[in-house]
Each structure stands twice: as C-alpha cells, then as structure tokens.
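Chains as they are written, first to last, in our numbering: chain A, 1 to 234; chain B, 1001 to 1335.
Any given hint could be a false lead.
As the list claims (entries may be wrong) - Here are the simulated lysine to any residue pairs, SDA-like style, with alpha carbons at most 20 Å apart:
hint, chain 1, residue 1, chain 2, residue 2
1, A, Lys154, A, Arg56
2, B, Lys1107, A, Pro72
3, B, Lys1107, A, Met52
4, A, Lys78, B, Leu1206
5, B, Lys1311, B, Ala1018
6, A, Lys78, A, Asp108
7, A, Lys127, B, Arg1188
8, B, Lys1107, A, Ser166
Said to hold, decoys possible - Take a look, some chain B residues computed to stay more than 10 Å from chain A by CB distance:
hint, residue
9, Ala1154
10, Arg1196
11, Thr1308
Keep in mind the hints are simulated off the structure, nothing from the lab.
The beta-carbon is built from N, C-alpha and C at its ideal position, and this holds for glycine as well.
One letter stands for each residue in the lines below.
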Amino acid sequence: MTFLIAENMTGGYGAADILHDCTLAVEKGQIAVIVGPNGAGKSTAMKAVFGMLSLRGGRVLLEGEDITTLSPQARVAKGMACVTQTHNIFTSMSVEENLEMGAFLRRDDISATMEQVYNLFPILRDKRHQPAGELSGGQRQQVAVGRALMTQPKVLMLDEPTAGVSPIVMDELFDRIIEVARAGISILMVEQNARQALEIADMGYVLVQGANRFTDTGAALLADPEVRRSFLGG
Amino acid sequence: MDLVNALVVFANFVLIPATAYGAQLALGALGVTLIYGILRFSNFAHGDTMAFGTMVTILCTWGLQALGVSFGPLPTALLALPIGIAATAALVLGTDRIVYRFYRRQKAQPTILVIVSLGVMFVMNGIVRLIIGVNDQNFSDGERFVITAREFKAATGLAEGLAIKTTQAVTVVAAIVVVAALFWFLQRTRTGKSMRAFSDNEDLALLSGINPDRVVQITWILAAALAAIAGVLYGLDKSFKPFTYFQLLLPIFAAAIVGGLGSPLGAIAGGFIIAFSEVFVTYAWKKVLGYALPDAWAPETLVQLLSTDYKFAVSFTILIVVLLFMPTGLFRGKS
C-alpha cells in the first residue's frame, strides 16, 4: 500500500482548473520530487495534497485513509507537515519560539524533538534566541523545516526549500533532507533545481500544464533523453 | 537664577502630570495595538470601551461606598476595578460574537472593520450616556496627596512646592505592574506566544494548529482589561466624562501609531511621547524660565506655545508628521 497517494487530482483556485488528473505518491521513508517548467502547477499540486485548495475530482489517501475533505490543520494532526515557499517562519519570534510554535498541537515534552532539530541543524542551536527574521535565507529555510519537524510528522512536504539560497547551502539542505528521509519520514517536495533534486529522489514526477508528463524513479528520469532534452537542459 | 526651584516647578507642573498622563495613554494605546496586531483593524470603539469600563467601576465604587467599604488611603475604585474589567470583557466578547465575528467570517477588509468599529463606538457611547449620563463624575476618594506642596516646602525650605497626587502615584505603579504582567504573558506563556505567532503570520499559525477563535477571545479580554484600567486611572486622575473619553481616541491612536501599530513596546513609548509633547506645548513656561534664566532675561509673557484648548492639535500634528515621514512608527510596526 502506498503511504501517501493523491490520485487523479483535478481543480484550481477559481473557475479554471490548474490540475488535470494529476497523481502524486510517496512511499514511507522515501523522497518524491515534483519538477517541471514554470507554471506547470507544481506548487498547486502540493497545496492540493495538503488541502489548501479544494479539489473538484480525485482523492488523497494517507495510510489508506481518505483525507480529501480534511482541512490543512486537521492534516497536520494526522501527521502531515508542510513548508510553504514563502512566509514559512514567524519572523518576529526567536528560533526557539518558532520551534515551540511548530509543536503547538503537542501537549507532551517537546525538548527531545527540539534536540533532534538542533542536531540536524546545528547552526540553529547557536542562534536559538535570535529573531528568525534576522537570519540568512538558508538559515531561515532550516528554521522552516525544523518548525515543520516539531510535530513529528510522518510526511514532510517542502515547496522549493532551496529557492533563493546559494549552491553550497543548497547541497547542504539536500543532505539534511536525505537525513530526514532516512529517519523514516516520507518527503514530497517541489524543486526548481531539477537535476540536483532528481539525484536524491526515489521517485520523480514531471508535471506539465497540471498533468503528469513523466513518472519514474529519479535515476531513470535523469537517464531519459527526452526528459533531459526538455527539462534538464540537455 | 535658581535652578533648584526651576526644577521643582518643572517637576510639579510638567514631569509628574505628563508621566501620569503618559502612563494612561500607554495603557490605552496598548489595547489599540493589540487589537490591531491580532485582529488587524483600528478599533475606534476603544475610547468608549474605556468609558464603559470606567462607568461600571464608578457604579460599583458608589455601591461599595454606600456599604461603607473603603480601601484606606487608596481610592475605593481600585477595589471595584476587577468588576469593571469583567463587565468590559463580557461587553467586548458579546460584541465580537454578534458583530465582529460575522465580518471575520466574511474575511472583510480592514477598512470595513474600521467602519464597523465606528458603529460599535456609537452604540457603546449611547449605552454609557444612557446609564450614567453625560455629566462629569468625580469618584476619587481616599488620601488626596502623597506629598502636598505645603509639606514639600516645609521639608525642603524651597520657595516652590512639589505635590504628588495619590492618583498619579497609583497610575504610574498600576501601569508598571500591568505592562510587566502583559509582557510576561506575551513573552513567556504558551498562549501569549501563540498570540504573537498569530499576529506575525496568520496562515502559518493556523498550520501550526493555533486556534484562531481562542486567540481572538484572549485578545479581546486583554484589550478590555487594558481599556478598563486605563479608563479608571484617567478618571481617577482627572474626572470621568463620556465625551472626554471619546476625545481620548485621538491621542491614544497617535501614541499607537507613533510607536508603530502592532508593537506593544512602541505603544508605551508613543504614549509618553504624546503626553510629554502635549504638556510641553500647552504649559506656560514663564515661572520655570523665570527661575532658570538670569533675571535680566526673565520672560514677561506666559511663554505658552498653545492654549490648552488646542492640546488635541498636538497629537494630530505628531500623527500627521509620523504618517508622512515614518509610517511604520518608531518600533517598526505595520503601516
């Protein structure tokens, strides 16, 4: 059974559909990457999986349970976490407070989870009393990912985690994401840096105009001459 | 030249009154800024919320006085204040339930909510005038002074006296306690942090599982408490008149905007800036300058920049200047 599957999603923000029969899935502890040209509906597909827009068709199953009609908040309680592309941290609050707010739904002791986040992103431990808005782009993304991990999710969704960060920081972030996946957390992410993202992906989805164009393992997509020519620049 | 007497006159007529007034404005502006930060609109009904809380407190004070209860040297109104706060909280929660919640669900624009609050203001205004009337009410009792001018003169041998009214001392102490408690709540408690998170980034707060209805309720309760306390302290220090409380809206908003809307620290700074500016500009400096300058330079006129009737012009001018040149205020609030 697939851990998280969003089948045949059709829908959009208003009258016009953006997604057409789009299917995404991720297995436990694996990394699935959504790539595609600008305006392909990658972020929209992600939002649809997380319940941030209403679907006209299709369904979303988490561990076999139909969660299509649940609100994003209810999905968080079910074990999903999402890092949006922008506005994904509380800029006026300290790093530690950001993590605390991430764990708002939890009533148990969060210090162990916080320790795990600090071990994953050691720089955050040094800056834990600093307002998150004062950090660099890469550090802010670490705060955002750390905040999402505080609920101890089963699925982590990332919308362009490396947008606007330098190549070195990007490599480092990808390493951390692999580490998170090894801990048994499924990862579904949208990426602009298609080549690097597919290198770490177990599954890759190439979307074009809101529909699946290619679906295969990351390695297979990287090897596919058509995918290379159309989407990876040769 | 007599600098000591100049300082005493300055403290007596400028420093102490302006500090007390500043503390009252700061508490009022804190309420406005909290509502703005979390509910995202300028609450024009805040002045009349203050009037309502003060009115309930006055009615309870009269009741307590009739029963023969007193608070020793302190004003009896302080004993009645908790009831005033509770009644104000009930009023604003009720208002939120039947008025604001509807517009929140519609995701109404902030400008619409401002006009809605204007309507709420007129209703509260009417309620207060209907119950207690439009006249001045003086409800301060207990010891009138901490130090009288005469005692001060006798103790120091100076020509000028320095008087500190009990209400002024109570105002400053109460403001410090309230502000400390509020900051502790916002910085240290889970609920307070969730309110800051909600104010910072509403969407992310919702995704984190923060319950918006609870945040809104607690915000109203805090705003009601701040309004009732500010109103009672102002009324004790001066007197209670519904129309004056309506007029307080201008200096309170000026204070909140000067400090930066949405910033609690800014509201406090703004309160004192507005209060001191008002008193500085409307005070007749003749006596202070007479002491501070050599005799030959002593002024013959009152050296009063503006008549006290124009004190609202001061808030208004500061407000315009800040909005033109520094729209986010001193502490970088929201514009």
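task = Against the earlier hints, flag every one the structure doesn't satisfy and list their numbers going up.
result = The structure conflicts with hints 1, 8, 10, although it agrees with all the remaining ones.
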